[in-house]
Structures are given as C-alpha cells and as structure tokens.
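Peer 1: Okay, here's what each chain looks like letter by letter:
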Amino acid sequence: MTNPAITKQEINFRLKSASEYGQASFAGIVSLALALVFLLNSYSAAEGAFRPTVLAFSIGYFVFAGLQLAVWALIRSNLIRKGEITTATRSLGYVLLLSLLTANIFIAAVAFQLIKRKKTAAYTLAVYTLMTTILVFAVSALNLFKPYVSDTFLIGMVLLLLSAAVQFIALLLVAKFANGTLLPSWMWLVALLLIVTAVSGNLFALFLGLLLIGKLRDKGYTTGSKLNDIVDRLSRSSTSMLGLLFILFLLTVSVTSYLTFDYGMAIDNNYSAIFQPPSLEYPLGTDNFGRDLFSRIVFGARISLVVGLLSTLIPVLIGGALGAISGYYGRQTDNIIMRALDILYSIPGILLAIAIIAAFGASTTNLIIALSVGAIPTYARTMRANVMLVSTLEYVQAARAFGSGDMKILFKHIVPNSLAPMIVKSTLTIGTAVISTSSLSFLGLGVEPHIPEWGNILKLGSAYLETHSYTAIYPGLAIIGLVLSFNFLGDGLRDALDPKLD
Amino acid sequence: MKNKGKFAAILLSLTIMISGCSLTTKKDVSESPQPTEGTKVVDSNPVDIEVLGMSANEADLNIIRDQLGKNGFNVKLNIQADYSSYKAQQDAGNFDVSLSSWTTVTGNPDYAVRSLFKTGGDYSILSDSEIDALIDQAASQTPEEFAATYKDFEQKLVFDKAYIVPLYSSLKAQALNKDVLNPASVRLSKSRSLPWEELDFNDVSKRNKDALVLQSTMPTLTSLDPIKGNDGSINIINTNQYVRLVNLTDDDHITSVGSLSRNHAIAEGNSDYYFILRDDINFAQIKDKLAVDTGERVGADDVIFSLDRAKNKNSVPDHRTFTLHEHIKSAEVVTDLAALDAVKVSGGDSTVKAALEKGLDSKISELVSDKTQANNASGKYQVVKLTTTTPFPQVLNYLAHQSAGIVSKKQVEKINTYDVAKFDPNKDIPYGDQNTVTEGSAYNNTLYTSGPYILSYKNDYDAIFYKNPAYMKGTEHEPKINNIKIRFIKDADSSLSALRSGEIHLYYGVSETKFDIVKGDAKLSLQTLPSNAVSYLLFNTKNRPVAESADLRKAVLYSLNQDDFITYYGGNKFKATSTLSPMVNTGLELKADAAKAKEFLNAYKASK
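Heads up: the sequence lines are chains A and B, in that order. So for the first sequence, UniProt numbering puts the first residue at 1; every next one is plus one. So for the second sequence, UniProt numbering puts the first residue at 1; every next one is plus one.
If we strip away everything but chain B, and leave its shape as in the complex, we get (with noise of 0.2 Å):
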C-alpha cells in the first residue's frame, strides 16, 4: 500500500514536471485585448446579429459565423433549405445580414448595379440617391470614362456607406466526358450561356443517333417566353431556343457571329444602332413531338415586336425583364438605303453602310421591309434601327442577353389572346407556360423558337430538345446534333456521380470542392475561367440596428475577410470589392482590419 502510494505520488509529479515545462494553454495563445486610443471603454458583450443563407451555402455561412464570432459578434444563423424560402425570409426582413450572390450574365457593369442597388431597382433594398445619381452618370459614359466614376461608387457603396460586405468571385466550371464529347466544341464563356449548336461528339456519326445528355437542378422551368423569366431553370435553355441580335464573345465583347445580325453599327451619338438581318433562320415548331421547319422567317417584323414588348412592362403579365431594356425607345425597320450612307459609326469615319456590309458577300442593293422578300445572295436585306433614350452604348449588353431572344409574333400573338390587365392564371394559358411542354393532359407545345433547338416535351426528370431543322443550314453555326436531353439532377453529388457513370456527359457548375475528383477521373476534363459571379452580403436596410448604424454594418465590413474564403476554397476564388470587379478594376480592395472592426463595434456600442 505505502509502495503503492509513492508510486502514484512519483508519477504525479512527474507528470506534472514534464507537462508543466512545455505546455501551453489557450489562455498563452489568445492575444491580450489592446486598448483602442480615444475610445472610452465599453461593455465587451457580444452584438447579436443574425445571418440569412440557404443550406447550399453552408461553408460560406459557416465562415461568416466563425469570423463573425472571432470580431465580438453572437451570430445566429438563419439556413433555408432551397432559394424560395430563402427569398420569403429575406422579403419579410428575418435577417440582419443575407448572404447573397449575383451573376452579371450580360457581362456590362450597368447590369450588376442597377438592379441591385438604384432605388427602385428589381432586386433593391436600398434607397440612396448619391448612388442612384452615379450609377446613372456611369450608364452614359464610355469604358474609359466610367471606371472612375465606378471607383466613386465603389468607395461609397462599400467603404463609406457599408451597403454591402463582399466576400469573394468565383470560378465558372464544367466538367465534361472527353471520351464521349469533343472538349474542342464546348465553350465556356465569362457570361454567356453554353451555345448549343456548336456542341459535338468526338464520333461525329453520332449527331443524330445519340442524345447529349445534359444536366440541369431544375426541373420547373420558369417559362419559355424569354421576357417572363430570368433565373437559372431557364437561362440555358432560352438562350438556345431563341436568337438575338447580337451575342457576347468568349471574354464579353459584342459580337455579331453566332446571331441573327450579320453585323451590327453604332451611329454617331451612340443613341442609334443598326442591325441588318440573315435571312437564313425560320422558326421550328414541333409536331408529334418531333421538330419541324414551320416555313416562316424570323425577320425584322418579329425583332421589332420582340423588342417592343420587352421594354413594355405591361405586353405580359409576369414581366420579368424590362428592366433590363428600359433604355429601348424605339425598333423600325429602315427601307431607305440612302439613310444608312447619310449617319457616320460612333468615334470613326466610315458610313453605317460600309460598316453593315463589311465582310458580306453580296453588298446591300436594296432594303427590304417584308421579310419574305430578303435574299442576302442577290443583296436584298432587312436593317433595324434600335434607338436609345439616353446614349446607352452597354444596350448591346442587353441585346445579347436571353430576354431579348426574338420570339415570333405571328405564334405569340395568336396564343397571347387575353387582356393582360384581367390576366388570370387559373384560366388563361400564356405563351411558354411550362405546363403546355410537361407531358400529360395539359400537354400542348406551341413553341416557335428561333434558335438552334426546341423543346419538344419535359416531365419531372428530363427535357428532350431538337435541332430546329431550318437554323443557318449550311453554315458553322448550323447545330451538329440533333438531339439534346437535359436530366433533372437536384443534388450537386449526384450530378457528379451522374457525369462519372456516363449518365450525362457535361456538368456546369462544378463546385470548388470537386476539383480533385473531376481531375482525377481520365475520362473527365476540366474547364474553368473567372465568371461575372460575386458573392456578397447584403445588410437589412429596415427594423435592424444595422439598417441605422453605419458604425455596425463597418464592424461586419471589416471582420470579414477574403483570404479565409480564398484559402477555404483552395485558391479557386478571387477577391471582390464589389459585384462590378469581375468587369471593372477600380483598385479598390478590402482588407480585413480586427482592430478598425473592433473600433467601429465600440462606437455603436457607445452609440446606442
């Protein structure tokens, strides 16, 4: 016993001898608090503060909660499971801060600030008029100018004002099976979606037997009227059923290649834009579930009426878009050759004229106004003439974006036979519900589309699309496969393991975390370029203390930092200053400063 007792004492000691040499406690570690000069002392209390996010966000969320908590805040999460209900929290105002993402899919700046933060704006919480007075200034100036006025912006949305809290901008990925698809026919671009028509399979006699399989997580499409929807379960999708004017290069330029314009002009004044017309696209229809050439052109009359109930907030109930084309005055189709020699192009010599013919193979000898009579071989062309209400040179952004697809206004206005004014939805069927392409009894496809495909039916699982038989024959841009499935795939794990059995053969929208899989599978190649997306957050602007304290929403502003993000994301995310720095280098940058957070956080305190 008493052996037993030295025994247990001689290890104790030692225990504690060796332990008490080497060991360092958390108290050792954490950094003792340095009095701010010139601030009285506060309550060390943590400021409640509560974050909205949806469950597809989780890391990010989490990040926020670990930096937040680390910089004197007690953050509740607030998780909803999928984008509606995190949309209803945030329009009941059950948030503090919301953590929230955009895309500028038509890749201009205008674009990534006017609906976010001018007062009024689709997706604006916020009412501030130094801001809405320089978004408006930057809208009228050119490239050169605007980055200085977007640095004022910047400097005030961010830094003196605090609106927002950028985290980070992100990568665009796809993934897609090289044994099966060409990776050469596959574009990524900054903001454009996938074109289709140039898709194709390494084993070209394929095109028409196989379908491509795609993938999409939506399987409720918003509609099939490019106006009346703008989100992810269509974007895609209507960017291949309709053609624009103009499209968006690789890298965001205007370009006319791949659209219904041969080629495109400015006028003097940048208030007036002409386009002059191919004539070798017709509107496909489908007919016992297959696509079918409906013998009708797409030509000026259909651009026009396009156009024009874009802009019109008031053409269709549900109108999703107009804001996008609120700077459209007017579409005419130009009959008079004379007119087109008479305007210069903005900022060089040469006529309207030559800058629409260069490059065609037969010069314009005449215009046409009815489409039917426009033979671009022999020189008869249609030109339409887009007036701005203010000079707007980043209109053509919006021109190339999926809502101002040209839609058939023969079929449109047939369908579209109710008041807008008395729309009801129980009753009348508007052109493009999704519930006239899902198969059963409601089934009744009355799609004219104008791009390269057409969808001819969906259920919950997939959509089957055909190649619009009368889509640029003959040319580069005349669509190689003939038949497109987009499988219905919710959950981000299973859209991989789908891409690696074989079960799709292209995934958009890899996330960061899968890099190393995607690269480690050799059937598999990897496509990545730095997109228009930025995740930020955004602060409640009413009923919350951060709505009122500027002092508050600078405490969160500095405690976040992008670094964290970067580094969590193993390096595949860039640092933002705003949703305009994938476009616009302004030079601005954030750095996460503890000690200004700190500063800032007392001085609500004080404040309250």
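Excised from the complex, chain A in its bound form (with noise of 0.2 Å):
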C-alpha cells in the first residue's frame, strides 16, 4: 500500500492538515513532562521513600502519555501511508477516553477529537460541557475525605450528577444528530436543559445550547451562525481551547463551591492541624494556621475571577464607549477626551492603583477601581481607531444616506464591528488584572489579609518558601493556570475574530 512517489512537501502537507496529529504529540508531551513532575514529587528525600498517591498518579500518567504516543505514531503511520485516520485508530480514542479518571483533561480533550471524524462546533462544546462538569465534580468531590463537608454538599453534589447526566446526554444526541442540517424539534428540550445546567458557571453548556436553538431556528437556510464559526475556528487551537476549559473551570467550581465548599475551612484557624503536608484531608497541605490551602485556593478563585473580569469590564465599557464617541464625532470632541484620557495614560497603572488604595482604603470594591481607572485609556484608544476604520464604510454611509440619528448609527451599525479587537484585548488583559490584583494583595494593599486571595495565599506562603514550599507553589501555579488561560484564550480569539479572514 504504500507509495514510494509521495514527496517530502506532501507528507508534510498530510500531517499539517490533520488536527488530530498536532493534538495528539502536544497531549502526549505535556502528560509526559507532568509525569515526570509528579514522579520527581512523590519520592520525599526527608523519609527515602515514595509516598504512594503521588507515585500512583504518576504512573497513571506514564501509562497514559505512553499509549497517547503509540496512538500518535499510529495517526502519523495513517495519514502518512493512507492519508486519512483509520476507523481502527480512532476507535483507540475510547481507551484514551479512560485518562479521565486520572484527571488527565489533555489526553482526554485530544481522544473525544479523535473519535469523531467529523467535528463540528457543537460537538466540541458538548465535549468540553461535560468534561467542565465532570472535572468540577471530581474536584468537589475531594470533600469527602475532610473530617465534615458544608450543610449543602449533598444538594450541590446531586445537582452536579444532575447536569453531568444531561450534559452526558446532550454529547450523545449531539454526536448523532448535528452533522445533520435538519435538527429534531425536542432538541429544544435539550438545549433549554443545557441553558439550566450553565448556572453552574459551565458557560461551555450555555453557548452549546444557544448554537442548538441558533440551529433549530434556522431550519437550514443558511450554512451556520456567527457563533458556530467562531468555535469552530477557536477548537481548532488546543491551547486556547484548554485555556477556556481552565477558565470555565474555575468559573463553575467558584460558583457551585457556594454549595459543595465550607467557607470555615478557609479562614477558620485550626492550631491542630499547622503545615500538613499534602493528603487526602488537605489535597494541597495547611498553611502556617492551619487553613485547608485547597479550599483556600478554590475560594480565591472566586475573588480573582471577579476582580479580573470586573475590573476589564469596567475600563471596556466607559473606555469604549469615550473611544467611540471620540472616534466617530471628530474633531474638538476628539482632542479634548483623548488628550485628557492621555494626561491618565501617562501616570503609571499601577502606581495610580497603589495611590487610590492608600488614599481609600484596602477593600475588594477599591481594588476594582482602583485597576480600572488605569486601563480607560488603552480601551479608548482602541476602540476610537475601529471607530474611525468602521465610519468609512459603504453601510455606514448609507445609514446615513436613509437619515438615521447619529447615535443610532454610532452604537447599532458601528459599535457592534469594532467589538472584536476590544474583545481579544480585553481578553489578553484579563490576566494582567488577576496578576495585578495578586500583586496588590503579596503588597498588603488589595483585600484583608485573612481572605483568601491567591496574591494573599502567595504572600502568606513566601515567608515559608524553604521550609514548606508548597504554600507557595499551589496559589502559584493556580496564578499562572488562570493568567497563561486567558492569555491562550485571547491568541485564539484573535485568530477566530479577526476580520481579515471573514
């Protein structure tokens, strides 16, 4: 079967095309690397020995990363002597799926691509829909083993099951029915129990129902919507879908942690249990009072997720909207509120936040504004150049021609296509902010200090960086996942919504 003609240009040619075989080496390498981190953890030189949870998962890593590159040869074996994927290493992404269970979501996002030939946007978002629910609910779960759970864990933990069957559910349809143009019309059932289980914080199941409603609305007549575009192109980068998945991840367990979490063990002292190393109780160990650092940090998540998106937010919607206006009006309108959002653009960021906290005091609402304030500036900026590239347009000019009203033009025909830019931006920024508010808490200037913040954690934890590492290397790395997150999440964004390739 092979054929000795096919050039060099061609192979390449086959394996770029084929997403599966670029999914498969990244999953393969990143579950090596973390194997080998969770081998180098397990083995404590203090006792000589291996601490046998940590060598388990270890090897469930190995085990894994193992099979996740014989299946990559397989794929690369394929497409370069068949040029297609056979039904055979595909059906291999089943056994792949079991990586679950390890809690290995690279390998596993990578097999649910694998097992299906065809993708398309709905499927990717069912895929990660339950795998957000499943990982939330293993995470919760974690609960069992501490000396008492919260009063509304059992209700929290049968409504996570609850929107894991549904989600498990809708996967399967999905996978069977949305290659189809033409969708049944009880999978608005379906999409509407996808819409509920989103309370949650999955907004993987929101966007998925509002594609199948999208869908079922449109019968067929045209080849998809806006928003199954834009998944499609953002699933096609494995990175910034894992970026999602991290971010919504933490969104869901920060807000079902309102049910399954008890908010004691984060700021309740315990004298009896100071520094424990990781177990089973303290999945992350106890910090010098005592405090579970796992619920420490899921708590924190809540804090940081907040006060990043809250204070991106704020800054996009009074920066875009001077930027807008300063863009699309002109002239006198233009320079007086560039040149005064300019004279707050050349005051260092977040000197000017150090300024308002010390000058109002440290508090969560504070250290909103306070990061916000600094930020108008760059949005206004933004926004005022699509302004102003989006003006010159055919439609624009004709709205006018038809006499609507300035405002009706600037914030329903202009406004709406100079979102993209603001969105990336606004998205790569996000990070900034979370590093920032950590920054200010590791300063003593962001919220109290028992609160659990990631940059409070942090600092809490540096003053035992050599003697108990881990109370600072846990809200570390928490930092870094979220901040690398949204900062993935923005590259692909930017890819998805860049004009120039509509």
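No wet-lab data here; the hints were simulated from the structure. Every residue gets a Cβ at the ideal spot worked out from N, C-alpha and C, and that includes glycine. Keep in mind that a hint or two might mislead.
[Unchecked claim] Which bits of chain B does chain A cover? Going by a derived footprint, with three or more residues having C-beta under 8 Å, they are:
{"no.": "1", "region": "510–517"}
{"no.": "2", "region": "562–570"}
[As the list claims (entries may be wrong)] In silico DSSO-like links for lysine-lysine, alpha-carbon gap of 30 Å or less:
{"no.": "3", "chain 1": "B", "residue 1": "LYS575", "chain 2": "A", "residue 2": "LYS459"}
{"no.": "4", "chain 1": "A", "residue 1": "LYS459", "chain 2": "B", "residue 2": "LYS161"}
{"no.": "5", "chain 1": "B", "residue 1": "LYS172", "chain 2": "B", "residue 2": "LYS490"}
{"no.": "6", "chain 1": "B", "residue 1": "LYS76", "chain 2": "B", "residue 2": "LYS161"}
{"no.": "7", "chain 1": "B", "residue 1": "LYS76", "chain 2": "A", "residue 2": "LYS459"}
[Said to hold, decoys possible] Quick look at which bits of chain B chain A covers, simulated, 3 or more residues with Cβ under 8 Å:
{"no.": "8", "region": "70–83"}
{"no.": "9", "region": "363–372"}
Now that you have both chains on their own, put them together as the hints suggest.
Peer 2: So this is what it looks like as structure tokens:
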C-alpha cells in the first residue's frame, strides 16, 4: 500500500492538515512532562521513600502518555500511508478517554477529537461542557475526605451529577444528530436543559444551548451562525480551548463552591493542623494557621475571577464609550477626550492603583476601581481606531443617507462591528488584571489578609518558601494557570475574530 | 437513551448511598449552643469590635480575629503599615482593642507597670486609683515582699477589671554567622542590650582590618543623646556609646562588671546608693571621621551632671525618659572618707567603705573631687552618692538603662546653649541630633562618648562606628573589634537573607517562624533566651463600649486562648498574665473559657 512516489512536501501537508496529529503530540508531551513532575514529587528525600498516591498518579500519567504517543505514531503512519486516519486508530480514542480517571484533561480532550471523524462546533462544545462538569465534580468530591463537609454539600453534588447526566445525554445526541442540517424539534428541550445547567457557571453549556437553538431556529436556511464559526475556529487551537476549559472550570468551581465547599475551612484557623503536608484530607496541605490550602485556593478563584473580570469590564465599557464617541465625532470632541485620557495614560497604572488604595483604604471594591481607572485610556484608543475605520465603510454611509441619527448609527452599526479587537484585547488583559490583583494583595494593599485571595495566599506562603514550599507553589501555579489560560484564549480569539479572515 | 438514563440513575443513587452513609456535615460537628443557667435569652447577633494593630503583627491579628470571631464577635481589623501610623491611630482613639507589646528593658517589675498602667504614665491611658496605689506600694518593697502585692495588682488589672488581655511572652533570639564571629563572644541577655566590646572574630587578626556588620531596621535615629530616646532605633547604639554606673547581668541582676563603677553599695534604709568610679575611661570624639581620645576622663562631675539632667524634665526639649529617673533625689560626690565608714550596707554588717573596696587591687586611701586627680592604682578614688526620694532599691535597674548613660558635662554644655523653653527645632541643634552625624551638608559630629564605641557617620544604608581608643585599655572590657557597621535593612526576610549570604554577621530579632531556617543553615548559630517582652491587648478607655462595660472586656478576655498562640509559634512563646510575668511569678494564670466569654457577652448585651 505504500506509495514510494509521495514527496516530502506531501507528507508535511498531510500531517499538517490533520489537526489530530498535532494535538496528539501536544497531549503526549504534556502528559509525559506532568508524569515526570509527579515522579519527582512523589519521592520525599526526608523519608527516602516514595509517596504511594503521588507515585500512582505518576504511573497513571506515564501509562497514558505512552499510549498517547503510540496513538500519535499510529496516526502518523496512517496519514503517510493512507492519507487519513483509520477507523481502528480512531477507536483507540475510547481507550484514551479512560485518562479522565487520572484527571488528565489533555489526553481526554484530544481523545474526544480523535473519536469523531467529522467534528462540528456543537460536538466540541458538548465535549468540553461534559469535561468541565466532570472535573468540577471530581474536585468537589475531594471534600469527602474532610472531617466534615458543608451542609449543602449533598445537594450541590446531586445537582452537579444531574447536570453531568444532562450534558452526557446532550453529547450523545449532538454526536448523532448535529451532522445533519435539520435537528429534530425535541432538541429544544435539550438546549433549554443545557442552558439551565449553565447556571453552575459552565458557560460551555450555555454556548452549546444557544448554538442548538440557533440551529433549530435557522431550520437549515443558512450555512451556520456566527457563534458556530467562532467556536469552529477556536476549537482548532487546542491551547486556547484548554485555556477556556480552565477558566470555565474555575468559574464553575467558584459558583458551585457556594454549595459544595465550606468557607470555614478556608478562613477558620485550626491550630492542631498547622503545616500538614498534602494528603487526601488536605489535598494541597495546610498553611501556617492550619487552614486548608485547597479550599483557600478554590475560594480565592472567586475573588480573582470577579476582580479580574470586573476590572476589565469597567474600562471596556467606559473606555469603549469614550473611544467610540471620540472616533465618531472627531475634531474638538476627539481632541478633548483623547488629550484628557493621554494625561491619565501618562500615570503608571500600578502606581495609580497604589495611590487610590492608599487614599481610600484596602477593600475589594476599591481594588476593582483602582485597577479599572488606569486601564481606561488603552481601551479608548483601541475603540477609537476601530470606530474611525468602520465609520468610513459603505453601510455606514448608507445608514446616514437613510437619515439615521448619530446615536443609532454609532451604537447599532459601528460599535457592534468594532467589538472584535476589544474582546481580544480585554481577554488578553484580564490576565494582567489577575496578576495586578495578586501583586497588590501581596504588597498588603489588596483585600484583608485573612481573605483567601491568591495574592494573599502566596504572600503567606512566600515566608515559608524554604521550609514548606507547597504553601507558595500551589497559589503560584493557580495564578500562572489562570493568566496563561486567558492569554491562550486571547490568542485563539484573535485568530477566530480577526476580520481579515472573514 | 434509555440505557443512559438508567446508567445515570444507578450512578446517582450509588453516590448518594455511599456518601449518605459516612458523610458528616458541618451542622453535625458544630456544638449545639449550651443555654447557661440564670441568664435570660438575648440576641445572638455578633458584637462589633475594632482591633488595631501593625502589619508586622499580622499573624497575631489573624489569630485574635479568628478567636474573637468564634466567640460571638464581629471583628473589624485596622491594620497600619508602620509604628508611627499605628501610634497615630491609637492616639486618635480609633480602636476598641489595640495589639500592643512591651519589653521591660530595665529588667525590674516596676518599670513593667509604672509607665503602662499608672495614671499619667508615659504610655498609660488608664486612670484607676486602686491600680496606682498597688504600683506605688510594690515599688517600695523588696523582691520577697512585692510578689504578693503584684499578685493583687494582676488580679485587679487582668481578672477583676480586665483592662488588658495578656497574650504571650516571647523569646529573645539572635542568629550569628559562626564562621566569622566567635559565638562565645556574643552575649544574649534577658534585658540588657548586646555589649559590643565583647564581640570578637574567630580570626583575631581581623580585629583591625575587617568591619563587623550588624543590622538594624530603622535608619532614622531618634537621638544620640541618651535621655532623649528610648526606642528600638537607638537603644543598642546608645548602650554601647555611653557607659553607665552599673550594668545588668544576662539574667537581670545588678552588677558593676563592665560599668563605670568598680563597685556599688546600698546603704541602710535603701535610700542612699554609693558608686566607686573607675579612672580608665576617657571620652572619645570623631576627628576626620575617625575616633580619637579627647584626653578628658569620665568622672564624678559627668556622672552628677548626667543624672541631674536625666531626672529633670526640663533639662532638654523632648525629654523621653525622665519618668524612669523620677526617683532620683540628688547625686553628689563624696570626699569625706570617714562618711563611708560611718554607714552600714543595707541588710548587712559591713560598712559601705568595705563594700566598695571589695576586690579592689588597692584600698581607698583618699577620695578626690577633681576627676583628674583620681588614680586608682595609688588609692585615689572618686565616689558618687545617689539619694532617692523614697526607699527604692529598683533604682539600680534604671541606672543600668541606656538613658542613664554618662555624657560629658563639658561637651553637652558647650553644644546645648539654647534656652530649653524657647527651643526652635529649625534653628537650634541639640547635642546628639541625628542630622549632625548623617552624611551631607549638616554633618558636624560633636559626639563625646564614654562608652566602648562612637558613631562616626551614617546614611540611609549604614552607620559606621569606631572603638573608643581610651576605653578601659588593657582590661578584658577593652573593645576588641575596631570597626562596627550597622546595616539598615527594614524587612525581616531580607535581613535573614543578608545574614545567610554573609552580608551581615549578626541578626538580632529572628522571628519564631524562621528558627527552622536558621537551624538548617550550617554556618549559622541561633541563640534564644526568654525575654521580658509581653504582647497584650489594651482596651480603649474612652468613647467606646469597651471603656464602659467590664462585662464586654471580660468577654474578650476569656475569648482569647494563649495556647493557640503558643501552638502557632511552635512552642516558642510562653503564657503570660501581665507585663510582669517574665519577672515576677504571681501564680495567676489566664485560661480561655468560651462558656464564661458567652456569659459575659450576654450580660453585656442585657445591660445595653
């Protein structure tokens, strides 16, 4: 069956055009690296022995990394020899799915992609929806090892299970029907149920629900909705999907933690459990006051996300509005607004934030305001440039010829078409906002010291970097993870939303 | 589809079954509130309380917040970044309780209570005549007698009136680089500051070549005039710049060793104190940034001058230490040798003269009033007699404090020519002003120091000291290292890093949480000793509910658990009942009691 005449370029083209190939190598290498990290961690030099749980994890990761790399080799030979991935190779994806048991989302995400030959946006969303819920369920289930759980734990877990069930059914249905242009009308029910499960913070479910509804309403008249396009493009980059997965995982955990986590574990001191190393009861160990680091990081996600999102949303709204007005009206209006913003722009952002907090005191609200104010000018500039570009387009002139008012033209025709760069920019800067929040807390200028905010946790941990390093490493990893995720998502969104690709 | 539903249902029921069996919820573990007998049911709303503290004590504040929160309070933390903003908040009365700490640097119990709790004391916001009476009564008693008085005092202060909540007493800890410094030469004393003259390198050939590097947090020195400051920025510095009449031993006993006096004696009646002076200390001064001998001896006239200005509130503007010396009535030079023979020592049969002569190489043949005439080898001595206003044996502890350091009468009178009442800080430059030793245009070092070292100059990063070339030359107290440098490092973690990297050689004040790191470093050695430092919560006495209601104060008192603090600090703190605890064992102990706390809190709510 080998074709000796096939050229090197052809081979390269075949490998590049199959997204499964690149994804498989990515997942394999990441898993291998993680397995090594776990292996190094499992050996405790003090006792001269391996810790069984971590070692088991490491072995699990090694096994699946090996499998994944084997599948990668198979895909490669399939592509070179046959130009496509065979059904047998694809069915290996089911085996790889088992890696979810070791919480290896990298391999699992790739496996879902491998199983399905023709991937639709709905299928991808359904996969990520289910994975998010399962991860959240697994993380929340770790609370079972605690001496006690919160009063609403059972309700929360049952609700999570129910949504997982709904999402699993939706996945199967989507896999079966979404290829066709026409969806059966009872899919309305599935879509609505999915949207209900999105209350947990799992926005994948919301997107999926909206996508399905869009399809149902469209009745096959058009080729697909804009959301469909974006998800399609975004899902081509596995890093940005993983980024989005981590963000939405944190969001879901933050929301469900109201039911499944006990806030007391995170803020009440427990003097009999000071500096417990990571164990099942305390998955990430305890800090110098005997508080569970795991619970603290979970509750910290809430603050980091809220502060990060709000301190990006506020300047997007204010800066966007100012930039739009400035760009549309031009002349004096433009001059006055932009020069005023230039003055604001000339003040270093973090110094401004420190000054605001020093003047008004340290609290979450002040923190958000402090971080927002400094970011307004950059958004205004971005928006202004877009508006100036869009307002010269024909359809705007057409609207003007029809006698539409300025406000209507600006906010109905121009702003919606200038939003894409703003979305990309804001996604990329949420990461900065998260870092700024943590930096200010680290300096003692953020929220109160006992509140589990990531910067606060890191600050406490940094004092014990040598003796109990895990108190600093885990919050640090959480911050890195969230910021990286936003950056990856931003990159993916830029590609997906780029008007030049339209 | 049917199968999936079934699967989900099975999974669901399985999970509920498994978890339902063994799951304990928070409600199960939290104790049901015990109704206390005799108290009527009152509202269960938490009581607001504002706790003031410094960010350096964030850990303590967190424990306090946690413990009060668990006992029915709603805690609002007011955390200030540094001492001055903390003090400003405290002076403005913006607190219900303030986290305070006190170190009895003189090592005597009177100091631990007088300025803190007596009406009108330096740091006191209390005004309670019973407390005042007990403080005065104990002051006039000997150690055997005052234990009982101080027990009554503690009972009143802590348990009956609940003016303070004691938290813990601390260790004094310092870490040193044992590769560089000789650990045996580094003393750690309960109260006394580190004597620099004893410090030595392992390699004695380095004494003249290398600088010994110490550390301090505060580059702004309050004043180099010993009576004008009593705080962390200058206590160690002034202790080593000015010699005193007596010293404290490492365990807080009075000694003449290493002091200006060769011997001292307490006369019958505990009101007269005699000191026989050395003749081998000259004042040092700085010329061209190097220390030189002024040729002027430290003598009785300087002692009398120094003690007079120490007790006199109006001798200098901003006198910070006169309350320590308010028991001094007068100091005079004794020239009549027969007078020494006429008085007996307190609690003994020997005469004062015999007591002063004890251990001297040559007996007293003559007492001189002119310090230049003194020659100890030939038996010519100077003796100073100090009289207290009331019998007060603890006066010796105050004389060992840095504020009783001996300054040069000639030099201080030469510099301090201003009129104290009309002192203008913009124009007049007092003796010891830190600007005169800070590098820059205002540099004009006029210090005359009687101690083992003298400050040459300083900037924001370090201060350079040289040894006094004429300080007890040829004795074991002669300073060994020629040059000492203090590095100003504000942050504790940075200081520890500096020690570990060899940038500094000795770090005083290692935090308990860093002990493990120091012990784990092969070139470092850790010295610890229980100190006279006590942390406590002070209640506001004005315009706050805690000022009016003893019940509310007692609710706070019994809410706080000292054991938790000790656990948090890894057993490196000790229980305390008041600021007296490190010095006087009264046998009283504060035990946390949640039931009592609840009872008092309910009583407070009922009385509202």
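Peer 1: Does each hint hold? Answer for all of them.
Peer 2: Hint check results:
1. Only when three residues or more bring their CB closer than 8 Å to a CB of chain A does the claim for the region 510–517 of chain B stand; here the count is 3, and the claim holds.
2. As drawn, the region 562–570 of chain B meets chain A at 4 residues by the rule of a beta-carbon pair under 8 Å; at three or more, the given contact holds.
3. Between the alpha carbons of LYS575 (chain B) and LYS459 (chain A) the distance comes to roughly 29 Å, so the proposed pair stays at or under 30 Å and holds.
4. Between LYS459 (chain A) and LYS161 (chain B) the alpha-carbon distance is near 39 Å, which puts this suggested pair outside the 30 Å criterion.
5. At most 30 Å may separate the alpha-carbon atoms for a hinted pair to count; LYS172 (chain B) and LYS490 (chain B) meet this at roughly 19 Å.
6. At most 30 Å may separate the alpha-carbon atoms for a hinted pair to count; LYS76 (chain B) and LYS161 (chain B) meet this at roughly 24 Å.
7. Of the supplied pair hints, the one linking LYS76 (chain B) and LYS459 (chain A) holds, its CA atoms being roughly 21 Å apart against a limit of 30 Å.
8. Only residues whose beta carbon comes within less than 8 Å of a beta carbon in chain A count, and the region 70–83 of chain B has 4; three or more means the coverage holds.
9. Under the rule that three or more residues need a Cβ within less than 8 Å of chain A, the assignment of the region 363–372 of chain B is violated, with 0 such residues.
Consistency with the previously given hints fails for numbers 4 and 9, ordered from lowest to highest.
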